[in-house]
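Line order of the protein sequences matches chains A and B.
For the first sequence, my numbering begins at 1 and goes up steadily by one.
For the second sequence, my numbering begins at 1001 and goes up steadily by one.
No wet-lab data here; the hints were simulated from the structure.
Predicted model, so just to flag it, every value in this text is computed and none were measured.
Built from N, CA and C at the ideal position, the CB exists for glycine as well.
Careful, some of the hints might be misleading.
Derived DEER-like restraints, expressed as beta-carbon distance ranges [claimed, not checked]: (1) B:Ser-1063 with A:Trp-251: 48 to 58 Å; (2) B:Gly-1016 with A:Leu-112: 29 to 39 Å; (3) A:Val-305 with B:Lys-1117: 49 to 59 Å; (4) B:Ser-1063 with A:Leu-302: 21 to 31 Å; (5) B:Asp-1215 with A:Ala-121: 36 to 46 Å; (6) B:His-1205 with A:Ala-121: 26 to 36 Å; (7) A:Trp-315 with B:Ser-1025: 39 to 49 Å; (8) B:Phe-1116 with A:Tyr-155: 35 to 45 Å; (9) B:Lys-1117 with A:Arg-5: 41 to 51 Å; (10) B:Glu-1197 with A:Leu-13: 33 to 43 Å; (11) B:Phe-1116 with A:Trp-315: 24 to 34 Å; (12) B:Ile-1144 with A:Asp-26: 48 to 58 Å; (13) A:Ser-2 with B:Gly-1041: 27 to 37 Å.
Covered stretches of chain B (chain A as the covering partner; in silico rule of three or more C-beta atoms under 8 Å from a C-beta of chain A) [what the hints assert, rightly or not]: (14) 1108-1118; (15) 1185-1194; (16) 1221-1234.
Cut-off 25 Å, straight-line C-alpha distance, at most; resulting in silico cross-link-like pairs (DMTMM-like, lysine to aspartate or glutamate) [claimed, not checked]: (17) B:Lys-1117 with A:Glu-149; (18) B:Lys-1224 with B:Asp-1206; (19) B:Lys-1168 with B:Asp-1140; (20) B:Lys-1117 with A:Asp-191; (21) B:Lys-1224 with B:Asp-1208; (22) B:Lys-1224 with B:Asp-1022; (23) B:Lys-1168 with A:Glu-214; (24) B:Lys-1117 with B:Glu-1153; (25) B:Lys-1168 with B:Glu-1007; (26) B:Lys-1019 with B:Glu-1094; (27) B:Lys-1168 with A:Asp-191; (28) B:Lys-1168 with B:Glu-1094; (29) B:Lys-1117 with B:Asp-1022; (30) B:Lys-1117 with A:Glu-214; (31) B:Lys-1224 with B:Asp-1066.
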Amino acid sequence: MSRERWANLGVILVALAIPLVAVLADEQFYLTLAARMAVLALAAVGLNLILGLGGLVSFGHAAFFGVGGYVAGILASHAFNMEPLAFGIAGSNQMIVVWILAVLCSGLLAFLIGLVSLRTAGAYFIMITLAFAQMIYYFAISWPAYGGEDGLSLYSRNQFPGLDSEDGLQFLLICYGLLALALFVFVRVRDSRFGAALQAARQSEVRLEAVGVEPYRIRLVAFVISGMITGLAGALYADLNRFVSPSMSAWAISGELMVLIIIGGVGRLFGPVAGAIIYVALEYYLGGITERWQFFLGLILLGVVLFARGGLIGWMGGRLKHG
Amino acid sequence: MADTVLELRGLVKAFGAVKATDGVSLDLRSGEIHALIGPNGAGKSTLINLISGRIRPDAGTVSFLDRDISTLGVAARARMGLARSFQISSLAQEFSALRNVMLAIQARQGSSYSFFKPVMTDTSLVEPAMAVLQRVGLTDRATIPAAELSHGERRLLEIAIAIALNAKAFLLDEPMAGMGAEGARLLTGFLSDLRREAPILLVEHDMDAVFALADRISVLVYGKIIATGTVAEIRSDPEVRRAYLGDVS
């Protein structure tokens, strides 16, 4: 077993230990923390696909996170008020329906944003993705039908067949399930022919083009898959907090997702998970001590960038291997 | 006369006031090595970029396999079978030699949008890629990342990728550059055989290699082709000697 696999196993054990401790110590709050960790990790797995494998610094993934959240919030509020959505379609409080719609909507948005922004590169790409996300943010603020600036409260979590989503442990199970599924998709995409082309586009764009593959189209498809995963996380985040607000699309979320990938390990399968664990733990423990906990997050980020470029997984797991 | 595979007619490309390519017409026939030589700044790189599709001409046409490809992009031309190697190595640095060649194989198979089958256990990629590596003598280096290969090995890998594309024509941009004498000799022998698979347009500074390999030579000076002919014709052409071979006699 490679060193990286041992590192991954360690991350999995930590992730599983949290609910175990929560149940043994009867601390419901730890379950919420773990769920928050899993949802942020899920969103970051999406970003890691385009950032880690594709080498594209998207500073606008909050757009997909927010759209996923609003899909969940809007469907649930229509279901609760028994008002049909446009065209007579009913709302829904079923997670599976919500997820499918969240994935489709964020995928469509990613396609449109990618269509334009992937024509650019480098700093321009960062700025244009940021600009699109801010457009979504201001749109949400100025849309009074669904709470505008105040956001939208969900009466209760959406439902999953056979499980009680209001129960902390069962909701966490759903979050872990989706995270595991996303990690599985990430591995398959990374190791596939498509993944080879995507990683080649990062390493040498002219080479990929010279063998007859258009980097733009490869990146666009990857951007859509990436946006879909982050959108799914947004829907789950709405259920976690029973609340959606424009701040889900704010640039700070895009920044947080990027920071936790960098701390965990860019392009590493478990990088987003390791990063999310560290991020949520710091937020909770340091946040309890000082309001300025992000100062210490900044120090850690600085340390990682200066001394451990591969993040936590890179530091524990050694160099990246490409077969 | 042999079939013409690649045909340039009246290509013009200006950058501002500088005409980097000034009415170039040239053809590449099946089975031949056609060398393109010229002093630095003669416009060789621009011409290569015009042929491969990186830049578009202001005037003139590029035809490949009897089809006008002037408006096609780089990737579309590559898919038609126009394979190029780069003067400055442009390999996927983190990928092993094997994965660099496998990328070309999958591109040739047109299967870059397959999402679920792992490549490293896919014999339809690994086996043909290993066969190509064996041809250029890189079997032992298959698992080494491109970044860690020696300069000469990287040049060979560039050639291997071009071969893996099953090209209908090769566009080789200074394949000998930086190769030692022994490496250049081996590569010369290899390219000499390669022309039987597909014709080669060879841009090269190494005159020994050019004179040993070329069936025909075109001399490019200030964006114009001043002479095209066999090795003997070019060697004895007074204008070429004055402009390029540095002969003042």
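Against the structure, the hints:
| no. | hint | result |
| --- | --- | --- |
| 1 | B:Ser-1063 with A:Trp-251: 48 to 58 Å | holds (50 Å) |
| 2 | B:Gly-1016 with A:Leu-112: 29 to 39 Å | holds (37 Å) |
| 3 | A:Val-305 with B:Lys-1117: 49 to 59 Å | violated (36 Å) |
| 4 | B:Ser-1063 with A:Leu-302: 21 to 31 Å | violated (57 Å) |
| 5 | B:Asp-1215 with A:Ala-121: 36 to 46 Å | holds (41 Å) |
| 6 | B:His-1205 with A:Ala-121: 26 to 36 Å | holds (32 Å) |
| 7 | A:Trp-315 with B:Ser-1025: 39 to 49 Å | violated (59 Å) |
| 8 | B:Phe-1116 with A:Tyr-155: 35 to 45 Å | holds (39 Å) |
| 9 | B:Lys-1117 with A:Arg-5: 41 to 51 Å | violated (21 Å) |
| 10 | B:Glu-1197 with A:Leu-13: 33 to 43 Å | violated (55 Å) |
| 11 | B:Phe-1116 with A:Trp-315: 24 to 34 Å | holds (31 Å) |
| 12 | B:Ile-1144 with A:Asp-26: 48 to 58 Å | holds (55 Å) |
| 13 | A:Ser-2 with B:Gly-1041: 27 to 37 Å | violated (50 Å) |
| 14 | 1108-1118 | holds (count 9) |
| 15 | 1185-1194 | violated (count 0) |
| 16 | 1221-1234 | violated (count 0) |
| 17 | B:Lys-1117 with A:Glu-149 | violated (45 Å) |
| 18 | B:Lys-1224 with B:Asp-1206 | holds (21 Å) |
| 19 | B:Lys-1168 with B:Asp-1140 | violated (28 Å) |
| 20 | B:Lys-1117 with A:Asp-191 | holds (7 Å) |
| 21 | B:Lys-1224 with B:Asp-1208 | holds (23 Å) |
| 22 | B:Lys-1224 with B:Asp-1022 | holds (5 Å) |
| 23 | B:Lys-1168 with A:Glu-214 | holds (20 Å) |
| 24 | B:Lys-1117 with B:Glu-1153 | violated (30 Å) |
| 25 | B:Lys-1168 with B:Glu-1007 | holds (13 Å) |
| 26 | B:Lys-1019 with B:Glu-1094 | violated (38 Å) |
| 27 | B:Lys-1168 with A:Asp-191 | violated (30 Å) |
| 28 | B:Lys-1168 with B:Glu-1094 | violated (29 Å) |
| 29 | B:Lys-1117 with B:Asp-1022 | violated (49 Å) |
| 30 | B:Lys-1117 with A:Glu-214 | holds (21 Å) |
| 31 | B:Lys-1224 with B:Asp-1066 | holds (24 Å) |
Hint compliance for this structure: hints 3, 4, 7, 9, 10, 13, 15, 16, 17, 19, 24, 26, 27, 28, 29 are not met, and every other hint is.
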